[in-house]
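J.: Sequence:
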Amino acid sequence: MDRRIKIEDFPKMTVEHDNESAEVKLEVIDQSEGISTYKLSFKSTAPMSPRPITLRWRHPYINMKGVWKSGALHDKRQQYDWELIHLRSRISVDAPLISVFGHDDQNSMSFACSDTINLVESNALLREEDNHLYCHLSFFTEASPEIKEYETQIRVDTRDISFADSIRDIASWWESFPEMKPCHTPALARVPLYSTWYQFHQDLDEAKLLAECKIAKSIGCDLIILDDGWQTMDNNRGYDYTGDWKPDRFADMKGFTDQIHDLGMKIGIWFSVPFCGKYSEAYKKFKGKFLTENHRWAPVFDPRYPEVREHLINIYVGALKEWGIDAFKLDFIDDFQVYPETALTKADGRDYANVNEAVDRLLTDVKTELTKVKADVAIEFRQRYIGPAMRKFGNMFRAFDCPNDPVSNRIRTTDVKLMCGDSAVHADMFTWNRTESVELASLQYLNAIFAVPQISVMLTETSEEHLNMLRFYTAFWREHESILMDGLFTPYNPLHNYPLLKASLNDHAIYGVYDDLVVSLSEEHTTSLINAKSSKHIVIKTAWTTGSYQLKVQDCQGNLISEQEGDAAENLREIQVPTGGLITITKH
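87 is the number of the first residue of the sequence shown in the working numbering; add one for each residue after it.
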């Protein structure tokens with residue numbers, strides 16, 4: 087950023103561009119109660135490839151501690167204006183949303199853009215010379231097809247509310263646009279499930295899978311996701327055989343699906359949507375209709391060709407009709423992008439020039455055709471394709487892969503949950519070394535208990551203690567699903583990786599405690615405290631002045647450790663509880 091350029095103070099914005107033959111206009115369309123909404127428009131008399139347009143503004147750096155972005159993970163620190171790594175969002179990558187929060191977790195400034203399809207580059211950067219926050223949103227920073235018109239809205243929120251509430255309000259704002267209305271979330275999208283990936287990888291075996299499903303059902307799982315490997319005998323963890331999607335490892339996929347259904351479970355199947363392996367028949371058929379053939383894993387289908395979209399849609403609809411499956415795990419959507427060799431025109435049979443718009447069309451048609459066959463079909467997408475546009479097509483949004491990494495699972499599920507409204511947010515699959523103690527293994531589960539559980543351990547080789555833990559906490563999750571999924575969700579201290587999480591509904595609060603801190607309890611009748619850390623105590627602080635309460639402590643397998651009474655007048659108390667254990671407090 088050129089420091090010599092004068093940047094307007096918020097609520098004014100500086101518009102920078104070099105589109106001399108076009109009209110670029112920024113206007114305020116609403117300004118009330120700490121929320122400002124702007125409209126950016128671009129108009130040209132003749133089609134042209136727009137040059138970059140950037141909106142900049144500055145704001146005093148007062149009570150600002152960190153910066154929340156949808157894909158930031160551990161790095162929510164403040165960046166500086168000499169750093170060049172910005173948030174780059176598009177339909178299948180993250181979301182055009184930044185929330186700057188203060189030392190009290192309050193919102194300092196959150197801003198977002200209504201264009202969730204095309205590439206938008208943004209950041210909020212500290213300038214050391216004047217201790218101001220310099221914010222920007224940039225459009226058309228990558229090669230773009232020719233257009234005559236463009237329009238988008240920008241929302242800036244400076245209200246003194248929780249940063250989490252500001253993010254949720256932006257998510258609701260996105261939902262208000264007809265083109266971003268989220269799809270229905272069926273009950274199947276919210277059930278605990280068993281995933282094959284971290285245990286089987288590509289070495290899938292029918293008999294072993296059925297044995298696993300019998301146990302999975304007994305511990306509370308109602309869905310199995312059959313991951314990579316069902317479509318090929320190759321087990322090199324590659325994608326050379328993607329594109330045809332024939333069940334090479336299953337002699338009778340319909341028969342296998344029927345056996346899963348007979349166990350009382352549903353079944354979903356994984357597809358890597360963009361990839362077309364060079365050993366597939368599809369590669370020969372669609373030669374020349376790829377966004378790139380230089381991807382490190384496999385050539386990438388070009389969804390701007392109607393015949394490519396038709397091929398993919400027919401595969402998914404065929405799987406639904408012929409095999410009777412119930413859910414889809416549609417993967418690697420973010421690899422649909424503009425590559426150096428991607429031509430941005432409608433030539434050669436393409437009916438779209440814009441890749442992102444073609445992805446939107448592909449996924450729209452996939453969702454439409456699948457729901458014609460099965461209205462309650464479940465569709466999973468994983469982080470980073472979890473933005474508002476993706477909620478039109480998917481109803482399960484999973485944290486990015488973080489095997490045996492409970493802290494990352496906690497951060498990822500929390501970040502996704504904040505902006506996904508009533509869509510079902512899923513944990514990455516829980517897995518651990520089979521010699522891990524049951525207490526420490528439980529932390530894999532408990533760090534992501536505010537999301538739908540996904541389990542990926544070899545259950546037939548799991549100890550009874552570990553099965554008891556899975557059974558206990560899956561039963562707990564199912565009993566309190568409405569609180570964990572629909573209650574008021576409060577994340578604390580994002581810069582410290584959310585050491586405390588809370589969900590509350592109908593006079594019951596559930597706390598996930600991930601660090602040694604004092605938990606200030608609210609006024610609910612029932613409180614559940616999950617000790618998701620290695621230390622064996624939780625310190626509570628109450629504001630109650632009269633009465634008493636019953637206190638029950640259980641270990642991670644549900645065994646009763648103690649029951650005792652408490653006096654409300656004792657407002658600071660240390661409670662002994664095992665690692666992975668559960669405290670239930672009921673007020674009299």
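Note that these hints are calculated values from the structure, not bench results. Quick reminder that beta carbons are idealized off the backbone N, C-alpha and C, glycines included. Heads up, some of the hints might be wrong.
Unchecked claim - Calculated pairs, SDA-like style, for lysine to any residue (alpha carbon to alpha carbon, straight line, at most 20 Å):
1. 364 <-> 326
2. 478 <-> 440
3. 340 <-> 407
4. 98 <-> 135
5. 373 <-> 407
6. 673 <-> 621
7. 638 <-> 653
8. 627 <-> 566
9. 622 <-> 546
10. 458 <-> 440
11. 375 <-> 457
12. 638 <-> 612
13. 373 <-> 340
14. 460 <-> 268
15. 407 <-> 371
16. 98 <-> 151
17. 673 <-> 633
18. 627 <-> 581
19. 407 <-> 344
20. 332 <-> 268
21. 622 <-> 640
22. 111 <-> 89
23. 303 <-> 364
24. 407 <-> 375
25. 407 <-> 455
26. 619 <-> 591
27. 371 <-> 340
28. 627 <-> 644
29. 673 <-> 583
What the hints assert, rightly or not - Ranges of calculated distance between the beta carbons of each label pair, as one might list FRET restraints:
30. 263 <-> 427: 49 to 59 Å
31. 239 <-> 404: 36 to 46 Å
32. 169 <-> 129: 56 to 66 Å
33. 620 <-> 658: 46 to 56 Å
34. 320 <-> 380: 56 to 66 Å
35. 622 <-> 410: 41 to 51 Å
36. 370 <-> 292: 49 to 59 Å
37. 319 <-> 604: 55 to 65 Å
38. 400 <-> 646: 27 to 37 Å
39. 169 <-> 400: 38 to 48 Å
40. 214 <-> 519: 41 to 51 Å
J.: Taking the hints in turn, state whether each one holds.
T.: Evaluated hints:
1. 364 <-> 326: holds (6 Å)
2. 478 <-> 440: holds (19 Å)
3. 340 <-> 407: Measuring from Cα to Cα gives roughly 10 Å; hence the hint holds.
4. 98 <-> 135: With a Cα-Cα distance of about 27 Å, the restraint between residue 98 and residue 135 is violated, given a limit of 20 Å.
5. 373 <-> 407: Measuring from Cα to Cα gives roughly 28 Å; hence the hint is violated.
6. 673 <-> 621: violated (26 Å)
7. 638 <-> 653: holds (14 Å)
8. 627 <-> 566: violated (24 Å)
9. 622 <-> 546: Outside the cut-off at roughly 30 Å; violated.
10. 458 <-> 440: violated (27 Å)
11. 375 <-> 457: The hint is violated at about 28 Å.
12. 638 <-> 612: holds (11 Å)
13. 373 <-> 340: violated (31 Å)
14. 460 <-> 268: holds (18 Å)
15. 407 <-> 371: Measuring from Cα to Cα gives roughly 24 Å; hence the hint is violated.
16. 98 <-> 151: At roughly 23 Å apart (the allowed maximum being 20 Å), residue 151 and residue 98 break the hint.
17. 673 <-> 633: holds (8 Å)
18. 627 <-> 581: It is violated: about 23 Å lies between the C-alpha atoms, which goes past 20 Å.
19. 407 <-> 344: holds (13 Å)
20. 332 <-> 268: violated (31 Å)
21. 622 <-> 640: holds (12 Å)
22. 111 <-> 89: violated (24 Å)
23. 303 <-> 364: violated (38 Å)
24. 407 <-> 375: violated (27 Å)
25. 407 <-> 455: Between residue 407 and residue 455 the Cα gap is close to 11 Å, so the pair holds against 20 Å.
26. 619 <-> 591: With a Cα-Cα distance of about 24 Å, the restraint between residue 619 and residue 591 is violated, given a limit of 20 Å.
27. 371 <-> 340: Violated, at about 27 Å.
28. 627 <-> 644: violated (25 Å)
29. 673 <-> 583: violated (31 Å)
30. 263 <-> 427: 49 to 59 Å: violated (33 Å)
31. 239 <-> 404: 36 to 46 Å: holds (40 Å)
32. 169 <-> 129: 56 to 66 Å: Distance hint for residue 169, residue 129 is violated at roughly 34 Å.
33. 620 <-> 658: 46 to 56 Å: violated (22 Å)
34. 320 <-> 380: 56 to 66 Å: Given range 56 to 66 Å: violated, Cβ gap about 21 Å.
35. 622 <-> 410: 41 to 51 Å: This hint holds: roughly 48 Å between Cβ atoms.
36. 370 <-> 292: 49 to 59 Å: violated (30 Å)
37. 319 <-> 604: 55 to 65 Å: holds (56 Å)
38. 400 <-> 646: 27 to 37 Å: Because 55 Å falls outside the window, the suggested range is violated.
39. 169 <-> 400: 38 to 48 Å: holds (46 Å)
40. 214 <-> 519: 41 to 51 Å: For residue 519 against residue 214, whose Cβ atoms are near 46 Å apart, the range 41 to 51 Å holds.
Violated hints, listed in ascending order, are 4, 5, 6, 8, 9, 10, 11, 13, 15, 16, 18, 20, 22, 23, 24, 26, 27, 28, 29, 30, 32, 33, 34, 36, 38; each of the other numbered hints is respected by the structure.
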